[in-house]
Amino acid sequence: MMKLSKYVLYDILRSKIILAYTIFLFIVSLSMLQMEDNSSKAMLSLLNIVLIVLPLVSLVFTTIHYYNSYEFIELMSSQPMSRTRILLSEFAGVSISLLSAFFIGIGIPVLLYAANDTGFALLFTGGALTLVFTSIAFFASVSARDKARGIGFALLLWFYFALIYDGLVLLILFSFSDYPLEKLTLLLSALNPIDLGRIFIMLKMDVSALMGYTGALYKDFFGSGSGILFTTGIMLLWIILPLWAAIRKFNKKDL
Amino acid sequence: MIRIEHISKRFKKLQALNNISARFDRGQVISLIGPNSSGKTTLIKSILGMIKPNSGKIFVEEQLIDGDPSYRRDIGYMPQIGRYPDNMKIGQLFKMLQHIRNMDESKLDKSLIHQFGLEKIFEKPMRTLSGGTRQKVSAAIAFLFNPSILILDEPTAGLDPLAAEILKEKILEEKKKNKLILITSHILSDLDDLTTHVMYMQEGKMQFFKDIETLQEETGELRLGKAIARIMKGEQFSNDWIGKMIQAKKNDKKPL
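Chains A and B, in that order, give the protein sequences.
Position 91 of the first sequence, counted from 1, bears residue number 91 in my numbering, the numbering being contiguous throughout.
Position 17 of the second sequence, counted from 1, bears residue number 1017 in my numbering, the numbering being contiguous throughout.
No lab work stands behind these hints, which were simulated from the structure alone.
You may find that some hints are simply not true.
If we take Cβ atoms under 7 Å as the criterion, some of the chain B residues that face chain A in the derived model are [as the list claims (entries may be wrong)]: (1) K1052; (2) S1055; (3) R1083.
DEER-style ranges, computed between Cβ atoms [as the list claims (entries may be wrong)]: (4) I164/A x L1108/B: 49 to 59 Å; (5) L13/A x R1101/B: 17 to 27 Å; (6) K1110/B x L111/A: 48 to 58 Å; (7) L1108/B x N116/A: 49 to 59 Å; (8) K183/A x E1062/B: 28 to 38 Å; (9) Y10/A x E1105/B: 20 to 30 Å; (10) S1008/B x P180/A: 49 to 59 Å; (11) F159/A x Q1015/B: 35 to 45 Å.
By construction, the Cβ of each residue, glycine as well, lies at the ideal position given by its N, Cα and C atoms.
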């Protein structure tokens, strides 16, 4: 499988978009960490980049890459090569390049200036979110036949996870505010990888003290060892399930 | 070598393949003929596993094509429109395919690469190539791994006369090696010296599958083009074509 991924990677590196993305992340995170004298404030700004920009770039880049390499996929499918292997190689190539962009662009500055608990949580969340949204983007692009629809679908998913979902959760919390909802909010957070990542990082910061009763419950849950295990497990599910669905769809598709 | 059992494929409104069964064997050169959108390419792509039929089974070398892709090792495919990664150079494309197939350098058949003079343009990126050069690359790839089954979708379309001749020579050469060759083409004169069998399709249905001698006998035409033209026009086959010929001779003599 690595054989094919090598060519996918080679193709991605040629386009230089990944290089620009890496430099962008590097400059942003470096300037934030240098300008703020309080590193936890800088981390809060970085958190927003990780939660908003990273999923968006992963989704759009993966979708565009998929449609651009359609010829490659078509060529490979006439060779003795299974469809599963082709798609997994594509996934490996894209996620390796996006992950390295993230770890070079944000990882290095964070390790230099804020190598603490929060920093590692941020890196973990960023890496996981990159993989999750790459996987979701593969599902979106395999499902839609043409480029415009594929990118549209991917953007819609981003809007949903980054913006709409929070609104829906707030709506639920307000309308049922008379009931004890702590357990429910915990469950709801697991249904959105961005929310899960946000909670996971926030609880490592001092600001979590401001979050009141729910925050205390969260701290109790996520702060413990089982909380880390829970986060990792849910993130893994978010990576594996869309990819699995994408492979299933891809195997039945006419090329 | 290839056995097709009752395959059907439907694209929304269009019935592309309608219950087709056939058997292709070693040493045959089969011409797939039919009007546009009669399902020729769909049939070919189904054999390659690129299109999944709604029903029916396809066997290659007695192996059901479902899942295990190793059967494609024996197949060389030349697509109708060769589409390749834009950024890749021709040389890289060949190198990549060799790397993926993992075949001994000595077993490769590079004759078409030499004959088409592709080495000289190995450094050209695929996106800059003209349609004809693309076809040359596709042909060279199809023959490169010395497969025992060749599937050529409109091989001569877009090629210049010289290149088309080279390709035809190559196909004839492979025919002598007792391989199975499947060709679709609208240029029937190209198929004349190659074909051993004709499969005629229309609107997703197989109208007939006959060897060339039978076809010539039934239509009374020696040239494949004329024979097929007769069928396409919907003329009835005349079994006593000898009688017709005599009639024609008589008519010729009348003015005398």
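Structure-based check of all given hints:
{"no.": "1", "hint": "K1052", "result": "holds, 6 Å"}
{"no.": "2", "hint": "S1055", "result": "violated, 14 Å"}
{"no.": "3", "hint": "R1083", "result": "holds, 4 Å"}
{"no.": "4", "hint": "I164/A x L1108/B: 49 to 59 Å", "result": "holds, 55 Å"}
{"no.": "5", "hint": "L13/A x R1101/B: 17 to 27 Å", "result": "holds, 24 Å"}
{"no.": "6", "hint": "K1110/B x L111/A: 48 to 58 Å", "result": "holds, 51 Å"}
{"no.": "7", "hint": "L1108/B x N116/A: 49 to 59 Å", "result": "holds, 57 Å"}
{"no.": "8", "hint": "K183/A x E1062/B: 28 to 38 Å", "result": "violated, 59 Å"}
{"no.": "9", "hint": "Y10/A x E1105/B: 20 to 30 Å", "result": "holds, 22 Å"}
{"no.": "10", "hint": "S1008/B x P180/A: 49 to 59 Å", "result": "holds, 58 Å"}
{"no.": "11", "hint": "F159/A x Q1015/B: 35 to 45 Å", "result": "holds, 40 Å"}
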